[in-house]
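Undergrad: As they're listed, the protein sequences go chains U and S.
The first sequence lines up with residues 0 to 112 when you count with our numbering.
The second sequence lines up with residues 5 to 120 when you count with our numbering.
Note that these hints are calculated values from the structure, not bench results.
Here the structure is a predicted model, which is why all the values come from computation and not from measurement.
Ideal placement from N, C-alpha and C gives every residue a C-beta, glycine not left out.
There may be inaccurate statements among the hints.
Said to hold, decoys possible - Covered, in the sense of this in silico footprint (three residues per stretch, anywhere, with C-beta under 8 Å from a C-beta of chain U), are these stretches of chain S:
(1) 43-57
(2) 110-118
Claimed, not checked - Cβ pair distances, simulated, as ranges:
(3) S/Leu-60 - U/Leu-68: 16 to 22 Å
(4) U/Val-11 - S/Lys-73: 27 to 33 Å
(5) U/Gly-62 - S/Pro-44: 40 to 46 Å
(6) S/Gly-20 - U/Lys-13: 32 to 38 Å
(7) S/Gly-12 - U/Phe-9: 39 to 45 Å
(8) U/Glu-78 - S/Gln-49: 31 to 37 Å
(9) U/Thr-6 - S/Gln-49: 16 to 22 Å
(10) U/Leu-68 - S/Ser-7: 31 to 37 Å
Claimed, not checked - With the C-beta cut set under 8 Å, the calculated list includes, among others, these residues of chain U facing chain S:
(11) Pro-7
(12) Phe-9
(13) Met-40
(14) Leu-44
(15) Tyr-47
(16) Gly-52
(17) Gly-57
(18) Pro-60
(19) Phe-89
(20) Thr-100
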Amino acid sequence: NAGVTQTPKFQVLKTGQSMTLQCAQDMNHNSMYWYRQDPGMGLRLIYYSASEGTTDKGEVPNGYNVSRLNKREFSLRLESAAPSQTSVYFCASRSSSSGNTIYFGEGSWLTVV
Amino acid sequence: AQSVTQLGSHVSVSEGALVLLRCNYSSSVPPYLFWYVQYPNQGLQLLLKYTSAATLVKGINGFEAEFKKSETSFHLTKPSAHMSDAAEYFCAVSDAGGTSYGKLTFGQGTILTVHP
């Protein structure tokens with residue numbers, strides 16, 4: 000039962016470096032999401048993909064890009080990392096056949112120094 | 005637009021006591037409502053969800069929540085707290101109509117501490 004798999008789990012970046020967070024789901028879900036979690040702020044939506052081939056901005060998209068590579072994979076890219084992007088990132092996917100339940104990955108801890 | 009307010013960023017109870025975590029929502033369309041739990045350094049796990057069927061929803065680990073439209077509330081309760089319930093809990097809302105593609109709007113979270 001892999002579910003939603005994210006890599007890497009931990010990463011330290013220097014300001015200005017770039018990196019890509021990878022996400023894959025094996026549940027044949029159409030919709031996928033990237034959230035960031037910061038203390039006292041809950042989770043905020045960065046980008047989402049309603050279906051393969053489409054992506055849209057969420058609440059906090061600045062500084063990020065995404066790619067819906069295929070139905071399984073949805074990656075998040077930081078082109079020039081900033082300390083404000085230090086956060087925990089969660090990928091998720093949605094089952095439209097189960098009351099819109101969203102399933103989350105284990106999270107990726109990113110520190111930008 | 006939708007929003008969620010969780011009243012109390014920290015709640016502390018004794019083992020065996022009632023757990024009550026408060027959630028109020030705002031939505032211009034019929035909502036779906038969710039409670040998720042997050043244990044330290046882990047992802048979010050679905051506790052329960054309201055999707056316009058029964059207003060009293062039972063979830064895992066003995067938790068339940070009641071949807072009250074008149075009060076725009078979806079409070080989470082458990083009759084008797086266990087030490088293993090210590091975690092952070094998130095209330096979330098999405099659009100039942102599907103036009104928002106299932107995007108969730110989260111509350112800020114409530115950290116539950118359980119004392120022996």
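Undergrad: Classify the hint on U/Leu-44 as holds or violated, based on whether any CB of chain S lies nearer than 8 Å to its CB.
TA: Hint holds; U/Leu-44 Cβ to chain S Cβ min 6 Å, cut 8 Å.
Undergrad: Tell me if chain U covers the stretch 110-118 of chain S under the three-residue, 8 Å CB rule, please?
TA: Check passed, 4 qualifying residues.
Undergrad: Hey, does the U/Pro-7 contact hint survive, CB to chain S under 8 Å?
TA: 14 Å, violated
Undergrad: For the range 39 to 45 Å, tell me whether the beta carbons of S/Gly-12 and U/Phe-9 fit it or not.
TA: 31 Å, violated
Undergrad: With chain S as the partner, please determine if U/Met-40 meets the hint condition of a C-beta pair closer than 8 Å.
TA: Nearest chain S Cβ about 6 Å off; hint holds.
Undergrad: Hint check: is the beta carbon of U/Gly-52 less than 8 Å from a beta carbon of chain S?
TA: 14 Å, violated
Undergrad: Have a go at the U/Pro-60 hint: is there a Cβ in chain S nearer than 8 Å to its own Cβ?
TA: 13 Å, violated
Undergrad: Do the Cβ positions of U/Val-11 and S/Lys-73 conform to the proposed distance bound of 27 to 33 Å?
TA: Check failed, 47 Å falls outside 27 to 33 Å.
Undergrad: Honestly, do U/Gly-62 and S/Pro-44 meet the 40 to 46 Å range at C-beta?
TA: 27 Å, violated
Undergrad: Should the hint that U/Tyr-47 touches chain S count as held when the rule is a Cβ pair under 8 Å?
TA: 6 Å, holds
Undergrad: For the restraint on U/Phe-9, tell me whether the closest CB of chain S is nearer than 8 Å.
TA: Violated. Min distance 10 Å.
Undergrad: With 8 Å as the cut and Cβ atoms as the points, is U/Phe-89 at the interface with chain S?
TA: At about 6 Å, which falls below the 8 Å cut-off, the nearest Cβ of chain S leaves the hint on U/Phe-89 intact, so it holds.
The structure shown violates the earlier hints numbered 3, 4, 5, 6, 7, 11, 12, 16 and 18.
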